[in-house]
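Here the structure of chain G is known, so what remains is to put chain U in place on it, guided by the hints.
There are 2 protein chains.
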Amino acid sequence: MTEFSTRTVFFISDGTGITAETLGHSLLAQFPDMRFKQVRLPFVDSIEKARDCATRIREAGRSDGTRPIVFNSLVGPELVAGLRNADALFLDLFERFIEPLEQELGQRSTHTVGRFHGIADSLDYKNRIEAINFALAHDDGVSHAELDVSDVILVGVSRSGKTPTSLYLAMQFGVKAANYPLIPEDFERSKLPTELHKHRRKLFGLTISAERLSQIRQERRPDSVYASLDNCHYEIDAARRLMERERIPWLDSTARSIEEIATKIMQDVHLNKRGY
Amino acid sequence: MTEFSTRTVFFISDGTGITAETLGHSLLAQFPDMRFKQVRLPFVDSIEKARDCATRIREAGRSDGTRPIVFNSLVGPELVAGLRNADALFLDLFERFIEPLEQELGQRSTHTVGRFHGIADSLDYKNRIEAINFALAHDDGVSHAELDVSDVILVGVSRSGKTPTSLYLAMQFGVKAANYPLIPEDFERSKLPTELHKHRRKLFGLTISAERLSQIRQERRPDSVYASLDNCHYEIDAARRLMERERIPWLDSTARSIEEIATKIMQDVHLNKRGY
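First to last, the sequence lines map onto chains G and U.
Sequential numbering of the first sequence, starting at 120, is according to the working numbering.
Sequential numbering of the second sequence, starting at 120, is according to the working numbering.
The following block holds chain G by itself, in its conformation from the complex (with noise of 0.2 Å):
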């Protein structure tokens, strides 16, 4: 087995596959010299189904010559037992979880093929649709309508976030984030945006390292003061030092994904969506 083989790896499930992906994706980065091929079979709710899996299964193993690595969150035993009719390292997620769970809950689970993704009536779910629709409409300060109701309210100069920070807010959390720019006006000004000033215990400030942000602005608009590297410095400072004066905390998004600047904002504004 040379460092750089590639293996196959598949995600199996009854439902959508995203629990198995999710935990999937986080264990294969603690092998960085690997090479994965990757593979997701959602839906698997039938005999039939899971030994379709199982051949698909074998002829990875031939096709790579190495045997391919499962993370399957099946749970019924008969559709386990179809799956495991191939040559493959087979890692259970609930198998390992549920019965500690169920003695330390003195329940048996209900064993409910896809129940956690097939909540499209619950009412956590309504929210993050609510929640999705709230952060379109209040996207870039388009509406000002509102804004009483936001759980937080995004500020920073254009390109430092704001947009995607806010539908993930949403979409994972369920957590109404409206977004609003810092523009040269408000900086000549000294001053927050009238509108925003009543809601200033709900501001929360992303900013940028000038060159990754004059980076993003010259793929928008090549050669524009608006992307040219003194501007973005000029503007990034003017935002920092109007978010120090109106003490709104504030993250540096740059070398941040936007689920770490998502949750550091949950755990610094203390948003109590969910019981957090």
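No lab work stands behind these hints: they were computed from the structure.
Keep in mind that a hint or two might mislead.
Heads up, the list lumps identical chains together, so a pair's fine if it works in one copy or across two of them.
With a straight-line cut-off of 27 Å between C-alpha atoms, the simulated BS3-like cross-links for lysine-lysine are [as the list claims (entries may be wrong)]:
(1) Lys168 to Lys383
(2) Lys317 to Lys383
(3) Lys245 to Lys383
(4) Lys383 to Lys310
(5) Lys168 to Lys317
(6) Lys245 to Lys156
(7) Lys156 to Lys310
(8) Lys310 to Lys245
(9) Lys383 to Lys156
Please read all numbers here as calculations on a predicted model, not as lab measurements.
Then chain U, alone, in the frame of chain G:
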């Protein structure tokens, strides 16, 4: 222990905790009669922080009168030791799987802290952010530019779920999804909008029940013709006929979450992002 006692559940991670939380939610959903108070403790990257977690776990146990459940994705032995200095059911996400993976791959894992979500520089991450910007720029038929670089174009009547699905496809899978409304003018002409014709093979339709659609539209424009059940029936039937005539694959979004819809679309149109 009564059936409805509350348990505190902690999701603990040296990164965002999203992996622990995703798996935890799936597992807890198997116990629908229980009430769980959920607490995310992210960015636990020092022994002091791990010990603080242990304190919070102990306090929760005292206040609940039952020991908490901990989904732990910390990997370093010192961190884990600091954390385990409390009475709880510890479910270690990584510990269970890393060892069999190391054996299978013949490699040691890097045990890298928060590796998965610290990937803001990776190509994969850049694709996701680009896809989010693409989805926003091509929401609701706003722009016809660059439709040729889209991976999929969602079509359907207004409020059938196109926008959140496009954003989820972008955020989770890095897929560039445009979306395009089917409107009464299209039905009268009995034809797809001209711009879409040359991209027919990328089209994917969403439909929805008339009752659900009317309900969603009522929330936005109460007592309008747009929201009336009759009009919703008309639009949905006409859109479905149009999609059938044009042989556009479609899916009913009524009882499905955006995760399920997005996964089905990935499966049906064989999107080749990230090796699927």
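Against the structure, the hints:
1. Taking the shortest Cα distances, Lys168 and Lys383 sit within 27 Å of each other only across copies (15 Å), while inside one copy they are farther apart (41 Å).
2. Taking identical chains as interchangeable, the C-alpha atoms of Lys317 and Lys383 lie at most 27 Å apart only when both belong to the same chain, with a minimum of 24 Å there against 44 Å between chains.
3. Taking identical chains as interchangeable, the C-alpha atoms of Lys245 and Lys383 lie at most 27 Å apart whether they share a chain (24 Å) or sit on different chains (20 Å).
4. In this assembly of identical chains, Lys383 and Lys310 lie within 27 Å of each other by CA distance solely inside one copy; the values are 26 Å within and 48 Å between copies.
5. In this assembly of identical chains, Lys168 and Lys317 lie within 27 Å of each other by CA distance neither inside one copy nor across copies; the values are 57 Å within and 35 Å between.
6. Within a single copy, Lys245 and Lys156 get their C-alpha atoms only as close as 35 Å, which misses the 27 Å cut-off; across copies the closest is 20 Å, which meets it.
7. Taking the shortest Cα distances, Lys156 and Lys310 never come within 27 Å of each other, neither inside one copy (52 Å) nor across copies (41 Å).
8. Taking identical chains as interchangeable, the C-alpha atoms of Lys310 and Lys245 are never at most 27 Å apart, the minima being 37 Å within one chain and 34 Å between chains.
9. Taking the shortest alpha-carbon separations for Lys383 and Lys156, only the inter-copy value of 20 Å comes in at or below 27 Å, while the best intra-copy value is 32 Å.
In the structure shown, a violation is registered for the earlier hints numbered 5, 7 and 8, in ascending order.
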